[in-house]
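Visitor: Residue strings, one per chain:
Protein chains: 2
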Amino acid sequence: MKIVESVPNFSEGRREEVVREIIAEAEKRKGIWVLDWSMDPDHNRSVVTLIGDPDVMVDALFDMTKKAMELIDLRYHKGEHPRMGATDVIPFVPVLGVTMEECVELSKRLGKRIGEELKIPVYLYERSATAPHRENLADIRKGEFEGFFEKIKDPMWKPDFGPDEVHPTAGVVAVGAREYLIAFNVNLGTNRLEVAEKIAKAVRHISGGYRYVKAIAVELKDKGMVQVSMNMTNYKKSPLFRVLETIRREAQRYGVPVVSTEIIGMVPLQAMIDVAQFYLQLDDFGVDRVIENRLLQILAKEGAKD
Amino acid sequence: MKIVESVPNFSEGRREEVVREIIAEAEKRKGIWVLDWSMDPDHNRSVVTLIGDPDVMVDALFDMTKKAMELIDLRYHKGEHPRMGATDVIPFVPVLGVTMEECVELSKRLGKRIGEELKIPVYLYERSATAPHRENLADIRKGEFEGFFEKIKDPMWKPDFGPDEVHPTAGVVAVGAREYLIAFNVNLGTNRLEVAEKIAKAVRHISGGYRYVKAIAVELKDKGMVQVSMNMTNYKKSPLFRVLETIRREAQRYGVPVVSTEIIGMVPLQAMIDVAQFYLQLDDFGVDRVIENRLLQILAKEGAKD
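For the record, the sequence lines run as chains A and B.
Those letters in the first sequence? Residues 1 to 306, by UniProt numbering.
Those letters in the second sequence? Residues 1 to 306, by UniProt numbering.
Everything labelled a hint here was simulated from the structure, so no lab data went into it.
No incorrect hints appear here.
Derived EDC-like pairs: lysine to aspartate or glutamate, alpha-carbon spacing no greater than 16 Å straight-line:
| # | chain 1 | residue 1 | chain 2 | residue 2 |
| --- | --- | --- | --- | --- |
| 1 | A | 301 | B | 302 |
| 2 | A | 30 | B | 302 |
| 3 | B | 214 | B | 135 |
| 4 | B | 301 | A | 302 |
| 5 | B | 30 | A | 302 |
| 6 | A | 223 | B | 283 |
| 7 | A | 2 | A | 105 |
| 8 | B | 223 | A | 283 |
| 9 | B | 108 | B | 55 |
| 10 | B | 28 | B | 63 |
| 11 | B | 67 | B | 17 |
| 12 | B | 66 | B | 25 |
| 13 | B | 214 | B | 179 |
| 14 | A | 2 | A | 302 |
| 15 | A | 78 | A | 42 |
Let the hints inform the model, and build the full structure from the sequences given.
Guide: Laid out in structure tokens, this is it:
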């Protein structure tokens, strides 16, 4: 049995009926499951978490992209979150019995179909990128929908699939394979935003911090606290515990305690076992020692026999 | 889909072919799986970890008990570990879609069959116990095989199932339902056994410590260290992190550091998530946020449809 995860982002966070229609394109299929979905009216964006069979996943994502193209018109879209397409980004993440290389292949297969059949330009990103300057999603998305009508003419930004013209209402889309992304927030016992800003700067890659950490400072007015809000783009190489302990130490410097933390959405087992193993100082331990995970391996194998 | 775990203990830790014949009684069945097994020649004892369908589990455990009766003769058994039966103890542990009450029922169903068909006296223990003095396995086992020929005549120790006479070669057996048991060892950076002894005394229930902790001090001569070796009999109520932090603090009192820890065998997901959640100071988190666990729930549900 092979299982991949995908977390497509759609540029609609206000009209729930539209989001539900897009999700219905996934729900109608056997072999994949909607684990979670959320919409944010300020960002005017929705995020759906899917897991399941790789082939079914490609078909479902194609249908969702088609439905989003039909229902979302980016010419009238406003929201805080940067965006370039009705379907903005489609990542593939290996979960069970699937390699990163297979996920790259899946992203190319889906990208090709979207480009050829829906006439939406497709950019392969992260591990699927066809050039180094296309690895980072933020670099691809720069200029957003409105800017892409010029950007696409630059040979550096010729799409990987589809026409060399922006789709007039659905824009362009990024498709790629990547590691799990963990949204990890650390709440600090102070209302001084500058403390969170200094700490975010200390841990994020771009300003000299950990290689796989993106971090910003956020004010939590309701709670009278500030937050270091992070995307952990490779929990294996920049683990949660190490980043948290660095934040704790840096905060101490300002006499500020870590009050609590949050993980948004789903998290892979390995990331949590790594945390437990670190703090327990556990020798010789791994996810194969977790009963539920062994049971999953067994059921996945049994299922594969059918 | 319903899944239980069982970890039967057999009084044979030297003749591998005997242990393998017993295990073969489980392996021949569909719907249960042997996760792990180990034999200890000093203890002259083997431990098998099984998971799977409750009904199949009862049948398999009956066959294993019958095979152990045929192949093991306790009159000639010597080993460091106390024992009272060829099959010494059979616990049922709820894993998925099964309640503790159902596990109590399973233990009674198996106990009845062992008593009636194999003529081996059966004592229900832990959550299945029919009287408070029979809850603790160590209390039942006191006197061991040799002492049971007298002990069984005491009305206090009349078996729950089977004859009122010890089986001449297979002894008696304890069967019951219980929570997961986690074998958790903490290694200390000293060779002073008295430090481990004082700390074991501080954390174990019997001498005033945590309600669900059994602890002894062990010398690790090869490593030049000492160890607090524990059975955590309810990780939900006496959690690993709390006991470890108490040990760490008590060891500090003697200028001794915690060097490392070990978990022996399998561990339930919840126990490790509790650890990660404590040390990360994670608000609002649970095992349903772990992707692999969600996938297991889905596959178990799909399987149940067949």
